[in-house]
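Quick mapping for you: the protein sequence lines, in order, are chains A and B. Just so we're aligned, residue 16 is where the first sequence starts under the working numbering, counting upward by one. Just so we're aligned, residue 9 is where the second sequence starts under the working numbering, counting upward by one.
Read the hints as simulated data drawn from the structure, not as lab findings. Errors might be hidden in some of the hints.
In silico EDC-like pairs for lysine to aspartate or glutamate, Cα to Cα no more than 16 angstroms straight-line [as the list claims (entries may be wrong)]:
1) A:Lys88 x B:Glu34
2) B:Lys169 x A:Asp43
3) A:Lys72 x B:Glu131
4) A:Lys226 x A:Glu207
5) A:Lys290 x A:Asp334
6) A:Lys390 x A:Glu364
7) A:Lys72 x B:Asp33
8) B:Lys169 x A:Glu492
9) A:Lys17 x A:Asp43
10) B:Lys170 x A:Asp30
11) B:Lys35 x A:Glu412
12) B:Lys76 x A:Glu87
13) A:Lys378 x A:Glu412
14) A:Lys401 x A:Glu366
15) B:Lys177 x A:Glu87
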Amino acid sequence: MKQADFDLLLELFLDRDLAPEQHRDLLDAVQSDPARRQAFLAAVDQSLRLASSLKEKDPALYQRVAYILEKEKETGEETVNGVLEKLKMEPPTAGRRRATFPYWKVLVPLAACLALVVGAVAYRSYEARRFAESIVAHIDQSDFGVSIRRDGDVIPATAGTPLARGDEILTAEEQVLTYTYDGEDTRVRIAENTAAVLKPSPRGKTIFLGKGRIEADVAPRPPGAPMTVETPHAQLAVLGTSFSVTASQDTTGLNVTAGTVRIALPGNKTHEDVKEGGIAFAKTGLDRVIVPGKLVVSIPVTGLPEGAAITGIAVAGKDAWVHVNRGEGRPTILARVSPASGEAKEMVEPEHGFRPGSCITWKDGLLWGFSRDGKSLKGVRADTGKVRRTIPLPAGEISSLRIFDIHGDVAWMRGAVRDELVKVALDDGRILTRVRCPFPIDRIAASENAVYVGESGWNACRIDARDGRIVYRFMCEAGSVTGDMALDDKAFLWTVEGTALNIHVLEAE
Amino acid sequence: MTSRTPESLTPEAVDNIVRKVQRGDEKAMEEIILHLQGELRLFIAARADTLDMVEDVLQSTFVICFRKLDTYEPRGTFLAWLKGIAKNRLLQELKERSRYVALEGTDLEGLVADHRLEAIEKETGQETEHELARLLECVERLPERTREMVMRRYRDRTPIKKLARQFKKRAGAVAALLTRARRSIRVCMESNGASA
């Protein structure tokens, strides 16, 4: 790699703007050349030092520190980075009292009355000023019926209504509200059936999303003062971008349409920086952020015959099985691969053979693949290769005699046209559902609730198995052009890279 | 003198301010943060793996510092005490980061995190006095156009592609210029007896 290219990749890395292939190139360069590795690490070090040295003094740092210390005293909790989510960030209400005016029914000295009136007016001004100081945004548009909850009161939301720190916005069915933060071009859309709170925050703007969905176009924010969104499952930090976030009972989903959003788990234990076009999820009980398609680990497979190519993969508990082409007209074989070592340990020829190039899957203790004539799916025992079950396929309705997956009592296959996904009943071969996908289908992996579909290259999407709705699209970081795909019981996607004899495990939801 | 140039406070002067904080003077707390954040930020930046970690650790260091301020005995070692807190925080953050990237296999971020963790555990990260002032001086010595590029890149965090458009050059050319600029700064720092 030329020095100029290396320099550029290094700068793109510092911007977190590397494409997957650029990331691989830079990683190869630093891993293979000690001098490049040294230069890379030195550049990161120098860049951090320079950025920190040239940064203007942050006058707000004291306010943030003071705020955290104050909250620690109030709650008795000692926290550091996790202080915001632990403290729940109730809006400051201490000290805000309703003004009362003593009612005097008898004559009093005029001076005393005047003093009281002046004092009352001054207090009202003070309260009004305090409220004014807490205003952070104004409503652009609101559907009828949307309400704002503030200090126990319910205020109707209309265009122009100010929004203050601590305000809770509640929308019901078919109700939407949009607002813009004062002094900047950050717009937020609160979708229907949503509960969101505008929280005060030491460093920037924070929205707590209890349930529902918000979309935002965030104006570029200074480093260290991100807009943050908190949900019951995650924290998202945004410096300037467009995104949407959805919170349900046990999942937070993030979709970034421009820029970068950092999503972190509560306690800041782990986080992901999700870039434009990316998706991520945080779920209750899971200690990692899921970025569908992200490479978790690559497993080089060894011990296969020379000239072999992997065309199918199935996951059975802790084992992976691969379908292997041996070329030269020889029958294909099934091989059990240890995920820990990548070693192919057992090999068996399926009785009557599987169709060369067939994907495979594991169901009911059998390995399944297309029959050689493509007219049926055959289930064979993994230890002997003997056929135990055969399921005829609907003639003329299936355009690929290679691509499929089975889950439960149904098989998912490519239909009569390349971008059509069909659901086939296993008992009688009837077609139950047809779904048009956004791209030609080259691999399928199915579970009870979801079907993952990929095309040649790295495009993929998740489809709702119940209604065939496309839920979202994502990119796979690895896998071959037409390799098979399988889901394991922990919702990881296993893909294969045919002649390179690699298994790649990817994140899935 | 720019707002970035650190006004030098003697260790005794710092201790005087710390005593005020210990007696409950909140204004003095603000003074401590204002005066010391620059030097502390650079200390952390020499050991952290991202700018976000720098700011997070900086903030949490001051929080811990003021939470535990009663345990500090004024002996002219306040900045060193503060750096000790920062170092512990960095260790925690880097270990957490290392654990996380280990789950996903080796990658560039993991490489940086592991390297920083190893360096901080071995204390190979160099620290010299008044490094901030020296570094700023070396930046001031750069040719004007190069200095402007460096300021936009590092002070303003302008992405490389945008910087290239601003300077009407290819991104690769700008990247090469920045590499040379960093080299010049490092040589300047080394000749002044500091790390770069």
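For each hint, the structure was consulted:
At roughly 15 angstroms between alpha-carbon atoms, Lys88 (chain A) and Glu34 (chain B) fall within 16 angstroms of each other, so this suggested pair holds. Only pairs whose Cα atoms come within 16 angstroms are accepted, and Lys169 (chain B) paired with Asp43 (chain A) is rejected, the gap being roughly 23 angstroms. Under the criterion of a C-alpha separation no larger than 16 angstroms, the hint pairing Lys72 (chain A) with Glu131 (chain B) is inconsistent with the structure, at around 27 angstroms. Under the criterion of a C-alpha separation no larger than 16 angstroms, the hint pairing Lys226 (chain A) with Glu207 (chain A) is consistent with the structure, at around 10 angstroms.
For the hint linking Lys290 (chain A) to Asp334 (chain A), the alpha-carbon distance of about 33 angstroms lies beyond 16 angstroms, and the restraint is violated. About 19 angstroms separates the Cα atoms of Lys390 (chain A) and Glu364 (chain A), which puts this hinted pair outside 16 angstroms; it is violated. Distance hint between Lys72 (chain A) and Asp33 (chain B) is unfulfilled; the C-alpha atoms sit about 21 angstroms from each other, more than 16 angstroms. Proposed proximity of Lys169 (chain B) and Glu492 (chain A) is contradicted: the alpha carbons are some 24 angstroms apart, above 16 angstroms.
Distance restraint check for Lys17 (chain A) and Asp43 (chain A): the Cα-Cα separation of roughly 13 angstroms lies within the 16 angstroms cut-off, and the hinted pair is therefore satisfied. Restraint check for Lys170 (chain B) and Asp30 (chain A): the C-alpha separation of about 11 angstroms stays at or below 16 angstroms, so the hint holds. Distance hint between Lys35 (chain B) and Glu412 (chain A) is unfulfilled; the C-alpha atoms sit about 78 angstroms from each other, more than 16 angstroms. Taking the CA atoms of Lys76 (chain B) and Glu87 (chain A), the gap is near 13 angstroms; set against the 16 angstroms cutoff, the hint holds.
A distance of roughly 23 angstroms separates the Cα atoms of Lys378 (chain A) and Glu412 (chain A); the hinted pair therefore is violated under the 16 angstroms criterion. Using a Cα cut-off of 16 angstroms, the hinted pair Lys401 (chain A) and Glu366 (chain A) holds, with the two alpha carbons roughly 5 angstroms apart. The suggested pairing of Lys177 (chain B) with Glu87 (chain A) is violated, with an alpha-carbon distance near 51 angstroms, which exceeds 16 angstroms.
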